[in-house]
Amino acid sequence: MHPILILFLWLILFLPLAAAVGITLFALRSPARSAQLSIGAIGAAFGLSLALFWHFSSHPEPPEWYINWLSVADLKIDLGFRLDPLSLLMLLIVTGVGGAIHIYSWGYLRGDRSVPRFFACLSFFTFSMLGIVLANNFVQMFIFWELVGLSSYLLIGFWHERPAAADAAKKAFLVNRLGDFGFLIGILILWNVLGSVHFQTLQGKLADNPHALWSLTTVAGLLIFCGAMGKSAQFPLHVWLPDAMEGPTPVSALIHAATMVAAGVYMLCRVFFLFQAAPQWPDDIAWLQVSALDVIAWIGGITALLSALMAVQQNDIKRILAYSTLSQLGYMVMAVGVNGPGQGMYHLTTHAFFKALLFLGAGSVILALHHEQDIWKMGGLAKKMPLTYWTFLIGTLALCGVPPFSGFYSKDAILAAAFEHGQFVLFGLGVGVAMLTALYMFRLVWVAFGGSARSAAVNHAQESPRIITLPLIALAIPSALAGFFGIDHYLAGYFSHGRSAEAASWLHRLVAPFAQAPLPAWAGLVAVGVGFVAAWQLYREAKTDPLPRLLGGFAQAMRERFYFDELYAKIIAYTQDALATVVDGLDRWILAGTLVRGVHGTVELAGRLLRLLQTGNLQTYALVVATGVLLLLYCLIVR
Amino acid sequence: MLEQLATISNELLLTLLAFTVFSISLVSLKKTDGKAEVLVTAGGLLALLVLSFAGTMPHRAAFGDAYVTGPVAAIFKRLFLAAGILMALLSWPGKRKTDVAPFHHLGEYLGLLLLSIIGMCFLVSAMELALLYVGLELVTIPLILLVAINRHELRSAEAGMKYVLFSAMSSGLLLYGLSLVYGMAGTLSLAGIAAKLTWTPLTVMALALVMGGVGFKISAVPFHLWTPDTYEGAPVPVTAFLSVASKAAGFALFYKVVAGLFAVLGPSVVVMVSILATLTMTFGNLVALQQTNLKRFLAFSSIAQAGFLMIGLVHGGPLGLTSVVFYLAVYLFSNLAAFGVVTVVSAATGKEDMRDYLGLSESNPKLALVMMLAMFSLAGIPPLAGFLGKFYLFAAAAEKGMYWLVFVGAVNATISLYYYLIVIKWMYLLKAAEGRQRIEPIEVSWASWVVLGVSTVAMIVIGILPQFIHWAEVAASSGF
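Residue numbers (numbering that gives the first Met the number 0), protein chains in the order written: chain A, 0 to 638; chain B, 0 to 479.
None of these hints come from the bench; they were simulated from the model. A couple of the hints might just be wrong.
Quick list of simulated restraints, FRET-style, between CB atoms [said to hold, decoys possible]:
#	chain 1	residue 1	chain 2	residue 2	range
1	A	P162	B	V473	50 to 56 Å
2	A	N191	B	G265	26 to 32 Å
3	A	A163	B	V473	54 to 60 Å
4	A	I476	B	L428	39 to 45 Å
5	B	R354	A	R161	24 to 30 Å
It should be emphasised that the depicted structure is a prediction, and the values quoted were computed from it without experimental measurement. Think of the CB as a built atom: it goes at the ideal place given N, C-alpha and C, for glycine as much as any other residue.
If we strip away everything but chain A, and leave its shape as in the complex, we get (with noise of 0.2 Å):
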């Protein structure tokens, strides 16, 4: 690579960074100069991630930039850069999008105390982020990986005094880290037997010898997935998602949207390699005969479905999104599953818009509201917000996948991949899944903003200021349009080594599913009709959810996101309470019979003796050396 690239991935990569530095030593007591220098930094980030862009459309050139960081007999880990066009597109994503997410938070957060705090852990999250997508190998990876969690925890409980947002960040720090224990012990496989953990070396090794990985291929891949299915929440690791609402507004956008979440998928993507070869399991449980990509999918399909129906009963204007964003997760991850990375990517790519956005709406409600976040409260508001409803509604249609907004083209090419790789059940479900994402949507949409206002604070409810409305008008452009910007066709270049020739117009692009698998084009868009007809029937004008009347039970298990906390919670405490026993019933048993007075004789003496020790009696320091030696000497005799 050129010098002058390779200082402008320091400059993208640290930019951020040093902004997080500069705000802790030199702003803490100046909000609007901490404002400045965060936002100054991933505008610089995304315009060099333009120029790099547009200089890699033009002169390819070989992506990869490194030097050796460590190295210990055989094991080599680089500090390096992997510049492809799949992570030149995520550069986009993150500093683009989050660009509009830190400019609207300058506007959202205005007044708060801890100003410079949370651009300082802003930019800090932007750098973790922006190191895991330029990583070259996994440990690289892992490092930024760790590090997103570490400030996606100090984002998640920015307001630390309430007790709900410290417990979300504490749960979605160890629900995470739970992900990434697998995934270290994928990455630890994967060196063991391959030695190495350089992607492209990873990569050309499985190349030429697609058994290299022996009986372990499906044990590693899967466990490089549970990184994934943490970062990414995907089921049963989804937990830690919905509750991490506790957060700032803007930081569920940036979390949702274009970073965190997306990281899971990003990283699937770019170990896609490893997925490719035949299932193979070690002797004793050959008879699973499972591929990793089936498993992959099965749990991406799953998990569309359980959030889609959990976001059908919330009544919190983040949490319906927050499930949302999961059930479009788990349609990323079936995306890889079903062979289809790029189709995954070109859906993060639109979600990453439409996402943001919606996020970034609804924190206009909820600051225009004063902080109420309950949609039965709300209500009429298409009137009182006209830029932020119209900017929302983009969203949706987006969201819910009617053509020609840039959903559909995404959701589309997923259930497509999974159609023709005939898993139709999972297309099926995709389907569904489809018909529920417009059933939740839409009764969102018409219970907040339309009918007439539910509380009086409704009535004094004015449209924000421009600086939290550009960045909507400025999200609601790509949410519109990127089903047109060929996407797809450049990642599809990306997948299948060698750019797609296929320059297409973007009418052509604008009927093409129709025209190249029919059957999924119009089964996404008629289950997105009788989604949008269910929503009107029942939400056009109620005043209350008719569904619990109408579902019963069911209902009250979706409103309760089926009770999955409540499970863990009681594993955990059983899990405790096993232990604790056992640890009981030890120390009852067969400690307190003989052992216990040995033991409390022992600690107590012990606790004499070196309190005595560090009395500064010099006699007894004497003592214990000359002791020293001798048990030196009697150690080495002996042996």
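Given chain A, put chain B in place with the hints provided.
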């Protein structure tokens, strides 16, 4: 003759510098505020550090092979010089509320510091027992005076007293061991002795005795007992110096007399060192958990760190030496950063308890940041240098096949993370409680900023750029 003198030009210039500093305070008796002495000391050491790259540490033997500066010895000497510079700057007499360092004796104080550094330089270059021992005593005796330099203060005097008695005892052990060795081999040359020793009970006894003496220098458990009392009583910059430079010298001593002389007892040395490493890490960590006085806390932390360093000692080859030298450099800067903050705060407010650091991140964000990075580095969190350092130590032990020791090290690293984070908790997380007065914003002198800045940059840069480890590797492959 001239060529021989040129070989030791580094030490000669250091001596010259020491006497210059002594005479400055002699000439300007009572009139000096000490700034001139600090500037001359720091500037002189810096010049020597620069000169060391221009040939004041030639790789040649002198005085009948009693003195050699190899590549590793050169690294050690540069570390000593760097530690000297930073310690001199830490002693900069700014506006002080309390008398924490000996500002009425700065001339003697810095002169003694220089003498101790001269001793260290001779120690790492010595290839013969007599020179080695004289070097060792030249390290220790000025340090005793430094520890007790606030002689009117009870704690400082007590610390000095303990240090002198303890070092006398350990010198006795060391000399006893060395005299046994001399008796068996009949020569003072290190290489000559190593060639002649064979396995006998007497050799083993000599090894145990020598290890006792070395254990004192590196504060290995159970020879560490002087450490907390002395660290607590000594002026903070002296404690910092003791904890880094003197400890580094101790590890050089280990390589000279334990690994060097008793090569024939290789397996026994490995057993002994791994036992001592386990004891040292575990004990240092467990006691550090309960400390609230920062100097005592750092004393136990430094005992634990010595334990980590000893993990690297079990690997006799170049990788072990690389890891130890590298970690010593990392540890030097990390610990100096921590002690730097403690010095600054203690000098301005007289507070040395970590509970007094409550809310430091708000009143003195920069100091808190340096302290946090130092704690992270000592705990071994990437990307700070401490992580890379521990990584290499563990890698060395793993290559030797000592996986249990790596495990013990990893467990201890986890324990240590806990107590390092406690300091951060006080600075960053806890909100003001009643009854505890917060530290006001502190005015930090430029000299202290240089120390903190250099240490912080070093902690980060050494951790990220790979050149440093390569230097250590190249040096270690050709030996002392």
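Evaluation of the provided hints:
| no. | hint | in the structure |
| --- | --- | --- |
| 1 | A:P162 - B:V473: 50 to 56 Å | holds (55 Å) |
| 2 | A:N191 - B:G265: 26 to 32 Å | holds (30 Å) |
| 3 | A:A163 - B:V473: 54 to 60 Å | holds (55 Å) |
| 4 | A:I476 - B:L428: 39 to 45 Å | holds (42 Å) |
| 5 | B:R354 - A:R161: 24 to 30 Å | holds (26 Å) |
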